[in-house]
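Trainee: Chains as they are written, first to last, in the UniProt record's numbering: chain D, 1 to 416; chain Z, 1 to 429.
It is worth saying that the hints were derived from the structure and are not from the lab.
Ideal Cβ placement from N, Cα and C applies to all residues, glycine included.
Each hint should be verified, as a subset may be incorrect.
Unchecked claim - Pair by pair, the computed Cβ-Cβ distance ranges are:
#1 D/93 - Z/214: 39 to 49 Å
#2 Z/319 - D/83: 48 to 58 Å
#3 Z/66 - D/285: 31 to 41 Å
#4 D/121 - Z/277: 56 to 66 Å
#5 Z/204 - D/285: 27 to 37 Å
#6 Z/319 - D/79: 21 to 31 Å
#7 D/108 - Z/67: 35 to 45 Å
#8 Z/63 - D/316: 57 to 67 Å
#9 Z/389 - D/196: 18 to 28 Å
#10 Z/316 - D/316: 28 to 38 Å
#11 D/83 - Z/206: 48 to 58 Å
#12 Z/63 - D/93: 34 to 44 Å
#13 Z/63 - D/69: 52 to 62 Å
#14 Z/227 - D/414: 53 to 63 Å
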Amino acid sequence: MDPLTRRRFLLASTAAGGAAAVAAGGIGLAELLSTARDDRSTPDDRTDRLVVVTLYGGNDGLNTVVPYADPAYHSARPELAYEPERVLRLDDALGLNPVLGGLKRLWDRKQVGIVLGVGYPRPDRSHFRSMDIWQTASPAQPVATGWVGRWLDGTDASAEAAVSFEPVLPPLLVGERRSGACVAIGGLRLPPGVDSGMVAALGEVQDGESELQVRAAQAYRDLLDVDSLVRQADHREATTDPADRPVATATGGAVSLAAQLALVARCVEAGVPTRVFSVSLGGFDTHAQERVGQETLLGRLDEALSSFVDRLGRTAAGRRVTVVVYSEFGRRVRANASDGTDHGTAGPVFVLGPRVAGGFHGEQPSLTDLDAGDLKATTDFRDVFGALLASVLHAEPSRYLGGHLPKPLSLLRADG
Amino acid sequence: MRDDVAMLLRRATFGPTASEVAAARRAGYAATVARLTSPAGPDRGAATAPVPDLGRDPFDDLPDPTVEQRAAAEATRRQHTDTIIRWWLDRLTVADHQATEKLLFFWHGHWATSIRKVGSPQFMLAQHQKMRAAPDVRAMARALVCDPALVYWLDGQLNTKDAPNENLARELMELFLLGIGNYTERDVKEAGRALTGWRTDLGVPATAIFFPEDHDARPKTILGATAAFDAFTLVGHLVNRPACARFIAARLWFRYGSSTEPIARSTEQRMVAAFPVGARMLRALLADDEFRSGRHRLVKQPVEWLVGALRQLGLRPAQLSGETLHQLTTGLGGLGQVPFAPQSVGGWPAGAAWLSSAAAQIRLGLADLLAGLAYAERGDDVDRMNPERLAEVLAVDTWTNRTYLALKRAGSARQLLTLGLVSPEYLVN
Chain D
1 MDPLTRRRFL
11 LASTAAGGAA
21 AVAAGGIGLA
31 ELLSTARDDR
41 STPDDRTDRL
51 VVVTLYGGND
61 GLNTVVPYAD
71 PAYHSARPEL
81 AYEPERVLRL
91 DDALGLNPVL
101 GGLKRLWDRK
111 QVGIVLGVGY
121 PRPDRSHFRS
131 MDIWQTASPA
141 QPVATGWVGR
151 WLDGTDASAE
161 AAVSFEPVLP
171 PLLVGERRSG
181 ACVAIGGLRL
191 PPGVDSGMVA
201 ALGEVQDGES
211 ELQVRAAQAY
221 RDLLDVDSLV
231 RQADHREATT
241 DPADRPVATA
251 TGGAVSLAAQ
261 LALVARCVEA
271 GVPTRVFSVS
281 LGGFDTHAQE
291 RVGQETLLGR
301 LDEALSSFVD
311 RLGRTAAGRR
321 VTVVVYSEFG
331 RRVRANASDG
341 TDHGTAGPVF
351 VLGPRVAGGF
361 HGEQPSLTDL
371 DAGDLKATTD
381 FRDVFGALLA
391 SVLHAEPSRY
401 LGGHLPKPLS
411 LLRADG
Chain Z
1 MRDDVAMLLR
11 RATFGPTASE
21 VAAARRAGYA
31 ATVARLTSPA
41 GPDRGAATAP
51 VPDLGRDPFD
61 DLPDPTVEQR
71 AAAEATRRQH
81 TDTIIRWWLD
91 RLTVADHQAT
101 EKLLFFWHGH
111 WATSIRKVGS
121 PQFMLAQHQK
131 MRAAPDVRAM
141 ARALVCDPAL
151 VYWLDGQLNT
161 KDAPNENLAR
171 ELMELFLLGI
181 GNYTERDVKE
191 AGRALTGWRT
201 DLGVPATAIF
211 FPEDHDARPK
221 TILGATAAFD
231 AFTLVGHLVN
241 RPACARFIAA
251 RLWFRYGSST
261 EPIARSTEQR
271 MVAAFPVGAR
281 MLRALLADDE
291 FRSGRHRLVK
301 QPVEWLVGAL
311 RQLGLRPAQL
321 SGETLHQLTT
331 GLGGLGQVPF
341 APQSVGGWPA
351 GAAWLSSAAA
361 QIRLGLADLL
371 AGLAYAERGD
381 DVDRMNPERL
391 AEVLAVDTWT
401 NRTYLALKRA
411 GSARQLLTLG
421 LVSPEYLVN
């Protein structure tokens, strides 16, 4: 099947059957890159693009953006709090976790915006429900579509307009009639005795095969293509760290964030028509001995994000990219008995990139005026997504946020 | 010639064994449809997989748990969740009344309720039992509209006359009984009022509990009729709408016939005539010429793929180690389909969604695991495997040249099995 037919087929299968059918993923990276050559109507380097980074598991915001000068922080977390002299100071009240040196460097260059105290009304502490809320932007009731998915619907976008590098398409990219594409990455793991030649053989398309069989075969070719591209893109990440290898998981974040972002950078530089990329890092569901675990994860996040933003600055297309980083909820202010924290509410959201208005946005929640031990959110998360819909996707926010009228947040520079 | 009897079995069951295909060929197409959709006698295979008794939900009577109590109760719930998933996979594998089990799995994806929000395995199992017991769509709708798992899943317990919540009402119309375009926003609002007054109690998985003082007993106008609708009269009203029979027919076609081509008018008419009995609608579909023509292809859902392979390889979930079962369910999670945990209220995706390269990677690993288990179980049989015998075991009509060449490259019988299980011919019916 030629690319155009394949794309039509993908769209046809996406549109069929309503909500239950929309999660059609399965576009190959090679195919995605080839769309860059198909579509010459938009000048690549003037297209604004959004990268959504999901941190699965509920990142502890208070130990990410640390209120180091607040005595309440230290008394609530005697073992877990960072000493004021260790944090990377952003102002006289807040500082970054000591492992976030790369982000501090970007902050000093005014390429990091931090929205403080982001949450939603009536917090839900279930990972799945809360993540659903962030991805569907519907805090009151479950809906079947994500806010990016609704934007795909509203703009009649094609499948490659929104791409995920997660193994399973996230609800974020699922719309009523359209949905984003799911591109697999990660080092290839073959069962003993099965070599890539056999997988390639399974990927050969036969004359007269049904379209679905063609797609099934194509998946094996994509797997090999993607593997070699990933190896070129980031050899070390894709091959040496067993913890980064893709494992089957329902909670996302299974593939190295650095590898995912390296692919995003390749795609942006190649001029693919993708407007929204969805990537993730999992494992933040730490409840005990949290400091070590969180530092490891934040360290990975820091390295991946800072090298990505550095790379964006080097090309005209890259300079039009904005990154947003969020997690489903923060943690409780007070540490639990096992040097961890339990599921809480509000947390900081990071916005990064060459166009970003660096600095703090919104207000840090009080550590003493709490809601049953939890931070009171000061900014509705839909205001953050609303600002990105408006200034990156150039869309009317309320149309895709279930009618929510976002309070304006100037996350991007006026001259950006 | 394409083997329509084998196709019938592949679609209507969780993957036929070679002897089942041979027996169905002898009986013929029409007799096989009849046997599948109204099986005679009790299901002896399923009887060997009795429904587990979970006891009480550990959070019942724990209104204000300490951190330790909460952790212990959550651990028990996780264990119970594993138990019911293992039980269901086992039952799907050993049941003789395969079409009945597959239809029940269809209903689970239709009234998609996930333990991820519901939390209580007892609630999920009670819901499952209700679907199993319901003789037709009307009875099912009546049982589920006050089912604690569904009520809680769609926030029905928050729906009172003073604080209406339309979530359950909307999904009843949009996803469960009518389909988009067959109701208005005003109907949703009014139906929401009809559904007020129900709350759930972890100690009572059998039913949600009705609180008359929270119910809005005033008249409502829904789809042109005005009455003091309550939950039961509402679902009765919706099931009586002509759109309901057509909607259910289309959903069955989507799941058994084609997820890419719409249902043909003539097929729809035959199925609508069999409404509201699900098994009769399925019989009408399987007997229909459009279905039998073999013009349409379907991608196996992950659970079908896994259970079919288990059946064909003679493996049984109840006999697998906890670790192996964990690997299998983790793999199902990676492929995007775990029983009792549909991805959203819209159910599971279909078609090409299952054919991503991410899924290809995970399937290779799972296939290797299954092939290893089969080899450990009966090495000698597996060693005698060649591509022709493999096609028979996996109920594949024929290998394409491509797959035949790939199979020829396999260095061992175990690799042969692995490649067969991930082949496009096996994945796409």
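Trainee: For every hint, state whether the structure bears it out.
Mentor: Results of checking the hints against the structure:
no.: 1; hint: D/93 - Z/214: 39 to 49 Å; in the structure: holds, 46 Å
no.: 2; hint: Z/319 - D/83: 48 to 58 Å; in the structure: holds, 55 Å
no.: 3; hint: Z/66 - D/285: 31 to 41 Å; in the structure: violated, 20 Å
no.: 4; hint: D/121 - Z/277: 56 to 66 Å; in the structure: violated, 45 Å
no.: 5; hint: Z/204 - D/285: 27 to 37 Å; in the structure: holds, 31 Å
no.: 6; hint: Z/319 - D/79: 21 to 31 Å; in the structure: violated, 46 Å
no.: 7; hint: D/108 - Z/67: 35 to 45 Å; in the structure: holds, 40 Å
no.: 8; hint: Z/63 - D/316: 57 to 67 Å; in the structure: holds, 60 Å
no.: 9; hint: Z/389 - D/196: 18 to 28 Å; in the structure: holds, 26 Å
no.: 10; hint: Z/316 - D/316: 28 to 38 Å; in the structure: violated, 60 Å
no.: 11; hint: D/83 - Z/206: 48 to 58 Å; in the structure: holds, 55 Å
no.: 12; hint: Z/63 - D/93: 34 to 44 Å; in the structure: holds, 39 Å
no.: 13; hint: Z/63 - D/69: 52 to 62 Å; in the structure: violated, 39 Å
no.: 14; hint: Z/227 - D/414: 53 to 63 Å; in the structure: holds, 58 Å
Against the hints set out earlier in the document, violations occur for numbers 3, 4, 6, 10 and 13.
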